[in-house]
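Novice: Here is what each chain is made of, one letter per residue.
Protein chains: 4
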Amino acid sequence: MSKIDKVVLAYSGGLDTSVIVRWLQDTYDCEVVTFTADIGQGEEVEPARAKAEALGVKEIYIDDLREEFVRDYVFPMFRANTIYEGEYLLGTSIARPLIAKRLIEIANETGADAISHGATGKGNDQVRFELGAYALKPGIQVIAPWREWDLNSREKLMEYCEQHKIPVDFSGKKKKSPYSMDANLLHISYEGGVLEEPWAEAEEEMWRWSVSPEAAPDQPTYITLQYKGGDPVAIDGEEMSPAALLEKLNKLGGANGIGRLDIVENRYVGMKSRGCYETPGGTILLKAHRAIESITLDREVAHLKDELMPRYAKLIYNGYWWSPEREMLQAAIDQSQSVVNGEVRLKLYKGSVTAVGRRSEDSLFDERIATFEDDAGAYDQKDAEGFIKLNALRLRIAAGKGRDLI
Amino acid sequence: MSKIDKVVLAYSGGLDTSVIVRWLQDTYDCEVVTFTADIGQGEEVEPARAKAEALGVKEIYIDDLREEFVRDYVFPMFRANTIYEGEYLLGTSIARPLIAKRLIEIANETGADAISHGATGKGNDQVRFELGAYALKPGIQVIAPWREWDLNSREKLMEYCEQHKIPVDFSGKKKKSPYSMDANLLHISYEGGVLEEPWAEAEEEMWRWSVSPEAAPDQPTYITLQYKGGDPVAIDGEEMSPAALLEKLNKLGGANGIGRLDIVENRYVGMKSRGCYETPGGTILLKAHRAIESITLDREVAHLKDELMPRYAKLIYNGYWWSPEREMLQAAIDQSQSVVNGEVRLKLYKGSVTAVGRRSEDSLFDERIATFEDDAGAYDQKDAEGFIKLNALRLRIAAGKGRDLI
Amino acid sequence: MSKIDKVVLAYSGGLDTSVIVRWLQDTYDCEVVTFTADIGQGEEVEPARAKAEALGVKEIYIDDLREEFVRDYVFPMFRANTIYEGEYLLGTSIARPLIAKRLIEIANETGADAISHGATGKGNDQVRFELGAYALKPGIQVIAPWREWDLNSREKLMEYCEQHKIPVDFSGKKKKSPYSMDANLLHISYEGGVLEEPWAEAEEEMWRWSVSPEAAPDQPTYITLQYKGGDPVAIDGEEMSPAALLEKLNKLGGANGIGRLDIVENRYVGMKSRGCYETPGGTILLKAHRAIESITLDREVAHLKDELMPRYAKLIYNGYWWSPEREMLQAAIDQSQSVVNGEVRLKLYKGSVTAVGRRSEDSLFDERIATFEDDAGAYDQKDAEGFIKLNALRLRIAAGKGRDLI
Amino acid sequence: MSKIDKVVLAYSGGLDTSVIVRWLQDTYDCEVVTFTADIGQGEEVEPARAKAEALGVKEIYIDDLREEFVRDYVFPMFRANTIYEGEYLLGTSIARPLIAKRLIEIANETGADAISHGATGKGNDQVRFELGAYALKPGIQVIAPWREWDLNSREKLMEYCEQHKIPVDFSGKKKKSPYSMDANLLHISYEGGVLEEPWAEAEEEMWRWSVSPEAAPDQPTYITLQYKGGDPVAIDGEEMSPAALLEKLNKLGGANGIGRLDIVENRYVGMKSRGCYETPGGTILLKAHRAIESITLDREVAHLKDELMPRYAKLIYNGYWWSPEREMLQAAIDQSQSVVNGEVRLKLYKGSVTAVGRRSEDSLFDERIATFEDDAGAYDQKDAEGFIKLNALRLRIAAGKGRDLI
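Chains as they are written, first to last, in full-length UniProt numbering: chain V, 1 to 406; chain R, 1 to 406; chain L, 1 to 406; chain X, 1 to 406.
There may be inaccurate statements among the hints.
Since copy identity is lost for identical chains, a pair holds within one copy or between any two.
[To be verified] Heads up, simulated DSS-like pairs for lysine-lysine below, C-alpha to C-alpha not over 27 Å straight-line: (1) K251 with K347; (2) K314 with K382; (3) K382 with K156; (4) K3 with K382; (5) K401 with K3.
If you are wondering where the hints come from, they were derived from the structure by calculation, not from laboratory data.
Just chain V, with the same shape it has in the complex (with noise of 0.2 Å):
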């Protein structure tokens, strides 16, 4: 590594970053470049300035990329429908590209020669950070603090504090939570704490965005989601922004007790580990768009995009958002969302979203062919019968000839 003269940080404000910029400070002697993102964490960005401003730093990007990050990174994952490992809906996974991409950027407007990140050295978030900068700035340095240095406790990070007199309310923030917390306009999630035994049941009090499927009304909630091109653009006809209407979707699926998730899942660094997540808006967008392909997409686009979602699902959970091989992949998936147009009818209610009803002038859905009643000739059922018999041809030869398949 040769001599890192600018850093730019991803930077929260929160004690951990706030430790680092001192250390990058201390241990690089370099200059240290903030950049803070709202991605809809609900947080408050601004105070950023302030406190890093405090800690000598000359430099400070603080972005609202709440729009581009559903718009460019939520909608073109969903309309994959793509799940982890069968239940995650990858919240976390998908903001980490918009924030190297950012880094990267402010990285090359400010003449930086390397960005750091408060990621530790055991998650996935280093190495979709870390990826992603590599893939766009091969030549950038990476520092990561957490592999690097001995402050692998809270008391040894309000000791440096108070040595390096980082002032104190830097440390306030989480302390309420007893877990690692992540949160962005898709999800919250939770790791740590009792969370890490799989068998033990999370506390109700954990959970933040949502109210338990208990506290929620007695009443369903119904809406209609209007899609155009795969994309979600208007509630019960109300066009919104993309990121307006995630968070709207995300009251309404709170309120309604949906969108919590218990999983222990396979990290790409090789263990397993127990999350909590609360993806309200998300569920709800992932059952909607499943609906509204449903009478849309041919059959067999419909079947090899589920063929090909969880290779694509890991492709981001693992971090190559940043990838040619993601590229590919998004530009069949693109291709056939052209016809996804139409509304879905959807049910809320105590913890469950339900599809209830589906429209699209693009529909696919015959309803001549399909009646149970006469469909006057629209489709001639003795043509089943040479389809079956040549379907059966090859498993006919193979009995034939003694072939046992019991």
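Knowing the structure of chain V, use the given hints to seat chains R, L and X on it.
Specialist: Here is chains R, L and X on its own, set in the frame of chain V:
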């Protein structure tokens, strides 16, 4: 088609298949053997005997196949976390190969040269019955009356009954429902009627197995499911046979409003079709199986299973249970399941099922490594740097040579 | 089927399709439009005009489709390194969608309500023609004489000619060969005759396009092939149109005994079939395309292409060129090809083609990193330790918990 | 890393690994156990004993693993028709897991706490050795001298020899070749030297196992290969052990100029690398296995195998032979092979191998159905109409609703 002397008919005892008995006798001048199976559809099968006798049937088979159905078909399918088109648990599809197998066994026992069934020429079931039959006995002949006759309305069927003196009580059974239904221990399905309009919400009175989420108890029900070799073997510590276990889960799920589904699916014969399903026990099983796998399966095995699943589901949906490719996939799936042991704690509440705990002596969850606390060196965070660097190498080389990802 | 007034026939000018002209006129009392295409089969197409006229045909289409065939069908297919069942380069399959498209265009131009072709009811070509036709014009009617008439032997066809005064020289064309053959710019195929015994070696005199490896020159031929955007554009620096380039490669390959293939393949309609093929240019193209991709494609993109290829090949073989799923896959394949530029040096010698050199301005081969010599720090070997350690982590945890792999 | 007392080294007897013996003794102050295996590399292994003794080694293992190598590694891999990146037969990759397994067995027998090998930090082999070792013995320590020391040139190694009195004849072995080579019963590989320029053609004198096609006999050689359960068991009717059979095929192939390959491949560690390979017997086996499968395997099984193959190949290439996902795939592959019996007749001629005949008692080739002649009703051509119509249905519906494919 050569002369048919004896035909084995899948006989429900209802109007349609009773008409078929007589129609076969008249049209083919042949003897009819009836086969009626209890696969958990929730109706008595024994009454079919008297009805068949009244129609002059001499060889009557009435079998209780519930245990075989769940043990040899449902459970193997759930080992793969099988879902068709992201939603459907294949309740109808998975019962057909068992019926097909039994039809052929009876044909062999009775020396019949044909089989027959009451499935229409528009649906998937004809394909599933016939592919199975051909695969197991290539020389068998198949008679599909709905593809041959012109009795294509309820009125014509009733008329046929009168003309041929078929006792009218045959016709009473399903009068109450405007839907085409199918039931077995795994699910009950509804098609037709108002469902032919995909925008119309299913009426509450349609559903038969589950209370509505609204009507479900206000308190959650917790259960613990024990797994052995990938299959559930006990509920709350009480060992049960496969059928008894699934029946119990159906009760528990149904009482909590779990397992309703409303979709538009793609049939193998080429059209889209609206279906509503109740799969209370199956919905619980899917969640539980994923949860027990989440701590016992290797990551790459789990991912491989997820990538293979859609095509496995498609095989079953399309009627290829009895095929060498299904058996090849099953070999892979089953090979992975010997370690899938342990128990899952589940919360059932007003339509949703949540895994809240999971534990196993075969768990691969390593708390020493996964912990956010000091891990005493179990994991060396510095390894992550090399891991990321080499995973990034191809991306860095490409970027260094000017490949743009944005 | 409703009354047919006009039918467009894929007309070769040979015996079979000449009989079909008359048979259609007589059986359907309809007008016949003939369509004869030059797709590089190596026979004059213009003579078909006089023959059609002699049969009373008024609308006669004779098209030179060679450039379109290679540019829009052959080359896109080769971008995927497409091989069916590990061996077959799909020479027949890829020509059918073009014919189907042209038949439909002519039906639209002439107001015809049906198309017809000379493919039998046992083969794949009927499926390819008809799926394409239905996909492009869903209301079209299809007449497949071989599935309808009883002229199922050469003798009966000749008899029919005599009875209907069809000029006898129609019948002369393919008399010399005991094989069923099909040719276009990509290949020539042989089926039937002694090939129906899979143990019998094909006779030397069967092969028409290539000399035997034994008879090929004793000195190798070297050529260099230039690629642009995944397609070959020049040979030895000389730019050529797609058709001219493939024709040149056929000559070069054929002269060096390259491209013979003898296989048993699985037809879509369910049976196994023996086929022999000569694909001289295509065999060279496959090798060359893989070689140019080997230095220009990202690893994961290349692997993804390899995993998608078998199903892409199957789609084409089975006749689904004109389908949304093929177009979705094509979008992914094409997306990967913009960087596939450069040149490949090939050695052609007595039946084999070897890539002996490849270079590109878009090469990702990094000699500084790949070298066995001192790399001046371009690659840090120590990174490999972390890479291996974390890739091994899940395996070590499993082994540590007693999972045995042996 | 804790103190190492004893290390098992994969020892070739050559210069590099002899230096490693001394370097390990000096650097780690530990005892070295040498392990030298005959896996068909074509060099005497017994001389390694005296060399190891001269270096003070007390525990010396010299094993003939040729039969185990071919039976338990090469043949299972060929059951899948395994090729990496469309070209490479994995000759080096497949030998590594056996070496890794044996290293661990010896570590267990001798109570060693570490293993070591002579692979560099840039290549795939380090990954394969170490992943295997960790998977089989998770607590094992691994010493990879090339990643640790600074003896990164031949000169420095020679110097080290002198300084440490390592007998000079160790250094003589591979002086003749400018290439980095690896050999076993399946292949010999060449890297480095002029090959580092991908445009440069490999020199004729590089190749060691095969004559050039030009120098091969002017007459073809015909052989017949007998298969049982997916593995070859006899040549021209003469039964042979796995190793003997592969050795014989290497001779036959090499004499006919068969099996040379020149590619640029993608290494797991991230760079592209040029390699030349001679795999005479393997090239014959691949062709033969596909040919025997072509008449004995069901179509869908064959296609499933083709779709799984690339990822199976990737697993082996990347070093995951000893992994649960490889074993899961192997279960599927092996399940398909019991019917792969029969014989294949092959023509070997100047660099190419052609299957010219295949036959089997388990053949699914049905001449009655496949025939172009009258099939006496074995196949009803009219079935094709329904088959096509229903396969086209979704395409027709879509086209009818205005979906354009062009």
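Novice: At most 27 Å between C-alpha atoms: does K382 with K156 qualify within a copy, between copies, both, or neither?
Specialist: between (78 Å within a copy, 19 Å between copies)
Novice: At 27 Å max between alpha carbons, let me know whether K314 reaches K382 within a copy, between copies, both or neither.
Specialist: Intra 44 Å, inter 23 Å, cutoff 27 Å: inter-copy only.
Novice: Can you tell me if K3 and K382 fall within 27 Å by alpha carbon in one copy, between copies, both or neither?
Specialist: Between. Shortest inter-copy distance 20 Å satisfies the 27 Å Cα cut-off; intra-copy 78 Å does not.
Novice: Which holds for K251 with K347 at a C-alpha limit of 27 Å: within a copy, between copies, both or neither?
Specialist: Both: 15 Å inside a chain and 24 Å across chains, each within 27 Å.
Novice: From the Cα coordinates, with 27 Å as the cut-off, is the pair K401 and K3 best called within, between, both, or neither?
Specialist: Result: close only across copies, 24 Å inter versus 74 Å intra.
The earlier numbered hints are all upheld by this structure, with none contradicted.
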